[in-house]
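Trainee: Protein chains in written order, with my numbering: chain A, 121 to 307; chain B, 49 to 779.
Check each hint, because a few of them may be wrong.
Said to hold, decoys possible - Here are some, though not all, of the chain B residues that point toward chain A, as calculated from beta-carbon distances under 10 Å: (1) Glu119; (2) Asn123; (3) Gly178.
These are computed hints drawn from the structure, not numbers from a lab.
Since the structure is predicted, the reported quantities are computational estimates derived from the model, not experimental observations.
Where a beta carbon is used, it is the ideal one built from N, C-alpha and C, also for glycine.
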Amino acid sequence: MHQRRSGAFRQVAQWLVCALVFVALQSPARAQSREYQLKAAFLFQFTKFVEWPEGSFASTNSPLVIGILGENPFEGALERLVEGERVNGRPLILRQLEPDAAVDSVHVLFVARSEAGRAASLMRPLAGKPVLTVSDIEGFASRGGCAELFVDQNRIRFRVNPRTAGDARLSISSKLLRLADIVESPR
Amino acid sequence: MPAQVSIRRKLRLVIMLTSAVALTLTAASFAAYEWFTSRRTLEEYVRAVGSIISANSTAALLFRNSEDASETLANLSLERYIVAGAIYDEMGERFAHWPAANTNFPARPSEDGMVYKGAGLVVYQPITQGGSRIGTLFMQVDLQPLYARFRLYAIIVVGVLLTSLIVAFLLANWLMRNISGPITALATTAKRVSIEHDYSVRAQRQTNDELGTLTDAFNHMLTQIHEQDEALRENQERLRLALEASSTGTWDLSLKTRVLRGDSYMQPLLGLPAGAFSGSLEQMVSYIHPDDRAGFLRLLDRAIESRKDFSAQFRVLRADGATRHLASRGRAFYEESGKPLRMTGVVIDITDAQEAAQALRESEERFRSMADAAPVLIWVGGAENQRTYFNRRWLEFTGSTFEQQIGKGWLNAVHPSDRAQVQRESGDLTPKHEPFTREYRLRRHDGEFRWVLETGVPRFTAEEKFIGVIGSAIDITDRKLAEAELERRVQERTAELAQTNHELESFTYSVSHDLRAPLRHIDGYAQILQEDYSEQLSPDASKYLARIRQGTKRMGQLVDDLLNLSRVSRGGITVADVNLSDLVEEVVDEMRLETGNRQIDWRIAPLPVVAGDPGLLKQVFTNLLANAVKYSRPRQVAIIEVGITANSDGQPTLYVRDNGVGFNMKFAHKLFGVFQRLHRPDEFEGTGVGLATVDRIIRKHGGRIWVEAELDKGATFYFTLGSLSASSKAA
Chain A
121 MHQRRSGAFR QVAQWLVCAL VFVALQSPAR AQSREYQLKA AFLFQFTKFV EWPEGSFAST
181 NSPLVIGILG ENPFEGALER LVEGERVNGR PLILRQLEPD AAVDSVHVLF VARSEAGRAA
241 SLMRPLAGKP VLTVSDIEGF ASRGGCAELF VDQNRIRFRV NPRTAGDARL SISSKLLRLA
301 DIVESPR
Chain B
49 MPAQVSIRRK LRLVIMLTSA VALTLTAASF AAYEWFTSRR TLEEYVRAVG SIISANSTAA
109 LLFRNSEDAS ETLANLSLER YIVAGAIYDE MGERFAHWPA ANTNFPARPS EDGMVYKGAG
169 LVVYQPITQG GSRIGTLFMQ VDLQPLYARF RLYAIIVVGV LLTSLIVAFL LANWLMRNIS
229 GPITALATTA KRVSIEHDYS VRAQRQTNDE LGTLTDAFNH MLTQIHEQDE ALRENQERLR
289 LALEASSTGT WDLSLKTRVL RGDSYMQPLL GLPAGAFSGS LEQMVSYIHP DDRAGFLRLL
349 DRAIESRKDF SAQFRVLRAD GATRHLASRG RAFYEESGKP LRMTGVVIDI TDAQEAAQAL
409 RESEERFRSM ADAAPVLIWV GGAENQRTYF NRRWLEFTGS TFEQQIGKGW LNAVHPSDRA
469 QVQRESGDLT PKHEPFTREY RLRRHDGEFR WVLETGVPRF TAEEKFIGVI GSAIDITDRK
529 LAEAELERRV QERTAELAQT NHELESFTYS VSHDLRAPLR HIDGYAQILQ EDYSEQLSPD
589 ASKYLARIRQ GTKRMGQLVD DLLNLSRVSR GGITVADVNL SDLVEEVVDE MRLETGNRQI
649 DWRIAPLPVV AGDPGLLKQV FTNLLANAVK YSRPRQVAII EVGITANSDG QPTLYVRDNG
709 VGFNMKFAHK LFGVFQRLHR PDEFEGTGVG LATVDRIIRK HGGRIWVEAE LDKGATFYFT
769 LGSLSASSKA A
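With the rest of the complex left out, here is chain B (with noise of 0.2 Å):
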C-alpha cells in the first residue's frame, strides 16, 4: 500500500479486502464440498443402481439368457444419468448390452471401479451369485447435467459476492466516517506542530474510544516534548558552558567527504582565530607533528574499521608557532549497511598534563638512580607488608631477581629464624607513625646470613591513610662482631679489675689490722708514761705526750675506719626487715650523750621499713648524722632533719638535711672519695673514710647517694635504696 495514501482509503481497502477474501473463500469452500458431494452422492447412487441391476443379472446370466439380462439392462433408461450398459459373462465376453442400437461397448470388461473419463464416469462392477463372481456389470454415466448445476451454482455464488462487497463498501463508508474523522483531525494538528514548530497547539477530542485516548495522549505528548525541548536547551546551555571552561573542543568529520568542522573552541587549540578554519580533514592533518601524522591518521582508521571508539594523543605545531600535546577522542556512525557514514569527538590540550607526567618520570628516574647509587639497601612497602620497589643494592645483596623479590618474595631471604618476628612487627607498624628500626638477618647472594640493621618509615596519603613503608638497610654484622668483642674485653677487664680490687682490699684489711697492735704499744706505753711517771716530766714533756696519744688516737680510729670500709667492701649484706624510725631514733639517742648541751633541733619524719642489713644501715644514718651534727657545730640552734620524699624519677629518697656549714657544689663531686676532705682537721675532726664507706653501704643495696649543698647553707644527703623502691613500688 502506498504510504501517501489516506488513511480512509486505506479502511476501505482493508475493509473491502478482508471482506472480498471472506466471501471468496466461503463460496470456494461450499463449491468445494459441494463438487465433492454430489460426485459422491451420484457414485453412490450409480452403484446402488449398479446392484439392483446385478442382482436381477444372476439368473440370466445363469441361464444363459440374454433376452431376459437385456429387459433388465433396459430398466437403466429410468436413469437420468445412465447412458449405456452392458453385462460380461465370466469369460468377459459381452453378454447383454442396452441401448440395443448402441454398439460402441468395450470389448471386454476392465478392472472393477469407477474411473472418470472426459464429461462422464465408466463403472465396472462384479455380478456375484451365491459369494461367486459370475460376470461384470458396465455402465456409462453422463455428467453433463451434474456440471450443469455446477454452474448454474457458481453464478449465484459470484452473484452473492458482488451484492455481499457493494453492501460492504457501503457500511464501511459510513463506518469510517466514525474513524477517520478524528485521525484526520489528528493529523492536521499533527502537521501544524511539525511544520511551525509550535508545541502549544492541542488537538481537539472527538470521541471516547481509543482515538479519544490517543488524542489526549498525543496532547500529553506535545507537553512532554515541550518541557523537553526546554530541559534540552538547557542541557545544551550547560555543556556549552562546561566545554567552554575546559577549553574543550568539540568536532565532526564527514567519512564520505572528509570536511572536518569545528567549533569555535576547537580552533584556538590549532593557535586559529575563530573561522580561520577551512574545513578539511587535510588541513587538520597539516597542523599535526610531522612525525606524529601517520600514527594519526592509522589510529583514525583502525577506529572506523574496528568500529570502536578514536582515541589519540598528539602534538600540534599551532600558527603561533608553539607546540602543543593534543588529546581527542571520537566516536564514528554508520549507515544502516555498515558503511562508516561520520565521526563526532571531543578535543582538549594535555600538554600541562603531559609536562606534569614528564616531570613525574624524570622525578621517579631520579629517585631511581639515588636509590640505585645508594650503598644502603632501599625499599619500598605497601600497606599489606607486601614490597613494591627495591633497589639495584637490595637486589645485587641478596643475589635475586626483582621478581623473585617483589611481593612477600623477600620473606624467602630473612633468616627462618626471624621471619615470623619481621613478619609480625610488620604488621604491627601500620597504625604507628613512627619511623622504625629492627634487626634481623637475611640472606646474602652467598648465602650467609648477615645481620642488617632495618630503618622504616611510614607513609601515609593526604587523609591520613596507611600506605606503606619506604625503608632501608644496612649489613651491620661486622659491627655486632666488634661489639661482641668489645663485651668480652670489657668483661675481662672488669674481672681483671675486681681481682686486684680484692687483692688491694685484702692488703688494707691486713695492713690496718697489722697496724693496730703497734699503736695500741704506743698508746699504752704512753699511758704508763702520763700516769706513773708525771711527777718527773716537765709540763712540756707532758703536752708533747698528751699530742703522741692524741695522734695515736687519731690513727686507730683512722685504722678502724678502713677497717670498717675494707670490710663493708668485701663482705656480703645480711638482708632482714629493718625499721627505719626505729634505727634513726637509736642514733639520735646515741648522738645526744655526746652533744650534750648543744642546742640541736630533730626533726625526724616517719620513716618505712626496708629489707636491707640493719648494721649496715644503721653505719649509714651514724655517719650521716654525725656529720649533720659536726658541720652544724658553729650554728647556735642546729636544725637537722631526717625524712622521705621522691626524686625527679619518682622514686622514693631518704634525706638527711642540716642548716650548717655547706660547701661549694663545685667539690661535690669529691666528697665520696677515700681520704677526701674538704675541711682542715682543725676545724673539723674526721678521717675522710666515712662517706666513702656510706657510698659503699648504698650501692651494696642497690641504690645510689648524692649531695646538694651551698656554702654556708647547710647540706642534703640524699640516697635511694634498692628493696626502698621495690616495696613502695608493690605497695
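Just chain A, with the same shape it has in the complex (with noise of 0.2 Å):
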C-alpha cells in the first residue's frame, strides 16, 4: 500500500514542506500568498479527521462539499488541492457561495475575511446542521464557529470549538482535538 502514493498527495506533501522551508523567509507579500496556501492545506485535512452524521450524504460515494463564503483568499490553491481527491471515497467539490445562498448545503463551509462582519449572523442559521465551519477571522471558533486557523509565531495553528461541532452532531478526531487548541463559546 505504502508504494501507491498518488500524485496529488506528493504535490499537497511538496506544499507542505515548502510551506515549512520558506514561511517565514518570503516578502510580507509573498507571505500573504503563502499563509493562504497552507490554510488550504489545513481546510482539506480537516476533512480528513472529522465524520459527518448519517444522513448528511445522498449516498456513500456522494461528494463532499466545500463551500466558501465571502472572497476566495485562496488564489485558486485550495482548487489545485482538492482536484481529483477523495476523502473516505468520496470526491472533493469545492463550490463558491453567493453571499445570499443557503449556506446549509456545504459539509465544509469556509468564512472568508471579507465576511467578518456578518459572521455571527451567517451562523445562526446553522444551528444544529452538519456543517463544519472553519475561517481565519480572529475569535470566529469562541463565537459560534467550528474551528478557526490562526498564525502563531510564524505558524498556522488552530482552535476548535468542541460544543460547536457536538451542536452540528460532528465528530472530530481526538487526533485533531490534540493539535487544537480548545475554545469554549461563551454560555
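Each chain sits in its own coordinate frame; assemble them with the hints.
Mentor: Have a look at this one:
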C-alpha cells in the first residue's frame, strides 16, 4: 500500500515542505500568499479527521462539498489541492457561495475575512446543521464557528470549539483535537 | 564399540547414549522452539506498538506538529525493549525522534520491515492515513534482555540433562543386573565348551524371559552339536572306508606355499611307501610323465583362474617303474578378497578303465575295418528305425555321404513304392527276436534302382530291451533277372511238353482205337472157327484157337484200358456232389458177382460226400477194390477195408487196405507208371494201366495217391482229394 502514492498527495506533501521551509523567509506579499496556501492545506486536511452524521450525504459516494463564502483568499490553491482528491471514498467539490446563498447545503463552510462583519448572523441558521464551519476571522471559534485558523510564531495553528461541533453532530477525531487549542463559546 | 568390552558396559553405554541423545534432542528442540516463538512474539509485539504509535502520529504529521509527534514517540519509553524511535515524513525527512538526546538516527528511512542487526532489531513501518502513506516509523529494539532469558534457559536445560543422565545411569545399573547376569553365566558355559570340548555341560536357566529361552536353545544346541559330532565322526569313518575301498587318494594343495599334502592312499598311487612324499607340488609334477606335465599345470592354472573345478587325466611314472593313468579332480577355495587360498581334491588310478576303453576303441575300429572291407552293404539301426552307422560299401553304393544317410535319411534312397512297406516292416521288428530278410529297391549312385536283399538281426540289451538292428544288404538285381529268365524258360518248356503230351495222347488214342477193329476181326473169325468148325479141328487146333482168342481178349482189354487212360488224361472233369458211401457200395455189389464163392470180409467205414466227377471217382474205387480182391486171392479169408483217416499233415485221407500179398516197398515208385507191373501175368492178370489211370484221376481232382505195403502183409492205398480237404476244412 505504501508503494502506491497518489500524485495529488505528493503535491500536498511538497506544498507542506515548501511552506515549512520558505514561509518565514518570503516577502510580506508573498507571505500573504503562502499563508493562504497553508491554510488551504489545513482546510483540506480537516475533512480527513471529521465524521459527518448519518444522512449528511445522499449516498456513500456522494461528494463532500466545501463551500467558500465571501472573497476567496486562496488564489486557486484550494482548487488545486482538492482536484481529483477523495476523502473516505468521496470526491471533493469546491463551491463559491453567493452572499445570500443557503449555507447549509455544504459540508464544510469556509467564511472568508471579507464576511467578518456578518459572521455571527451567518452562523445562526446553521445551528444544529452538520456543517463544519471554518474561518480565519479572529475569535470565530469562540463566537459560534467550529474551527478557527490562526498564525502563531510564524506557524499556522487552529482552535476548535468542541461544543459547536457537537451541536452540529460532527465527530472530530481526538488526534485533531490533541493538536488544537480548545475554546469554549461564552454561555 | 570394541569387541572385547563386556556386555554390561555395552548395555550401560547404550542406555546412557540413548538417554543423552534423546534428552539433548528434546532440549534442543525446545530451545529452538523457544528461540523462534519468542522472537516471533517480540516481532508481533513491536509491530503492534509501532501500529499504535503510527496511528497516533498521523494528525501530527499532517498538521506538521513535530512536538506532538515527539510526545507520542516518548510513549516508547514505557516499552522495555524499544530503545529509540523516529518518524520520517513522506519525503523521508526526519520529522520527530525519541529520545531527544540521541541524534544517532538514520538520515533516511530504509525499506519497510524488520532486520536483525547485531544485538538489536531495526524496524521500519509505514504511517498511513485514510489508506495513503504519509510517513515512516523507525524503531530500534534491544535484544539483550531476550538473550539474557535464553542464557538462563540454557543453564536450566543443561542442569536437567545432567540430572537425568545421572538418574538414568543409576537406573540402568540396577536394571541391567537382570540381563547381564544370565548372559555372563551363559558365556562362562560357552567358554568351557569351546576350551574343553565338553559338550555334556549345560547352562543354568535363571529367568523366564528371552534369556531363559536362549539358555534352553543353547542347551538344545549343545545336544545337537553332540549328536552331529557323533554323526560327523561316523561319516568320516565311512568316507575313510570308501576312499580305502576305492583306492581313492585325497590331497590338499596350498596355493600360497605350493605345499601338497596327500593322504596315505595317495602315496601308493605314485608307487611310494606311505610317508615318502615330501609335500611339494614340484615333487608331484616330477612323477608325471614328461609329455603330460605341461598340460597338467595348464589345467591347474586354468581351474584356479576360471574358478571352475579342476579335472585332469595324466600318466605317472611310478617309483617302481610302472606307468599308470591317474585321474584327478579338485576344487579351489578363495579368500574373501578373491585370492586363491588352497585347492583340495581326489585322485584315482584309471589305468584299467583306460585300457578297457582302448580295447573298446580297437574293437570298434576292427569292426569298422571289417565292415568297410566287406563286399556287402552293412548298417546299424536304432530302436526307432533310425540308422546310426553305414559301412563304406553302403555309402559307395548309394553315392551319398554319411551325413545324408544317418537317421532316417537313408529312406530317401529307398524306392518310393517300397518306402512305406520298408518303414512298416522296420516298425514291426521291435518285439521280434528273429532275424528277418526282405527285398526292396534301393537307388544306386548312378540313379538306377537296384533290388537288394536285406538281412537284419534285432539287438537286445541284457535286460531284453530292444535297441535296434544290425543288418546287411546285397544287390540281387542280377539274380532276380536270372530267376525271371529261368521261370520264363520253364514255362516255355512246360508248354512245349504239354503240347507234346497232348499229341502223344492223341496218337495213343487213335492207335488204340484203330487197333480195336482188327482185334474184333481176329476174335470174331476165331469164334466162328471154334463154333462152326470144331468137329473138323483137332484137339490141339482147338486149344490153339482158344489161346488166340484169349490173347485177343487180353489185347482188347489192354486197348480198352489205354483208351480209358487217354480219355482220362485228355478230358476234363465234370464236378458234382458224390456220396462216396453209395459209390463204394455200388462197386462192392458189382465185385460180389465176380468173386462168387470167395470168402471176403468187406469192412466199409462211413464216407463223406465230396465234390468230384462221379464216373472217374467210380473208376478209382473200381480199380483199387479190384486190385484188393485180386491180390488177396491166396488168402483163405480176404479182408478189404475202405475208410477215411488223416495223414501226417492233418489232411483227410481215404484209404483202401487189403491183407493180400503186398510187395516190397523198394518197388513202390514203379507202381503208378503205365505198363509197370510187380507180378507176372500168370500169377495175377492185369494190364499195368489201372493204377496209372487212378493216379491221373486223383491228380485231376487236386489230390495225390501213395501206398504203404510189405511183402506178404498186404497193401494200403492212401489218397487225398482237393475237395475233400477243402470241404472238411469248411466243415
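Trainee: None of the hints should be skipped; say for each whether it holds.
Mentor: Now the hints, each set against the structure:
1. Glu119: holds (9 Å)
2. Asn123: violated (13 Å)
3. Gly178: holds (6 Å)
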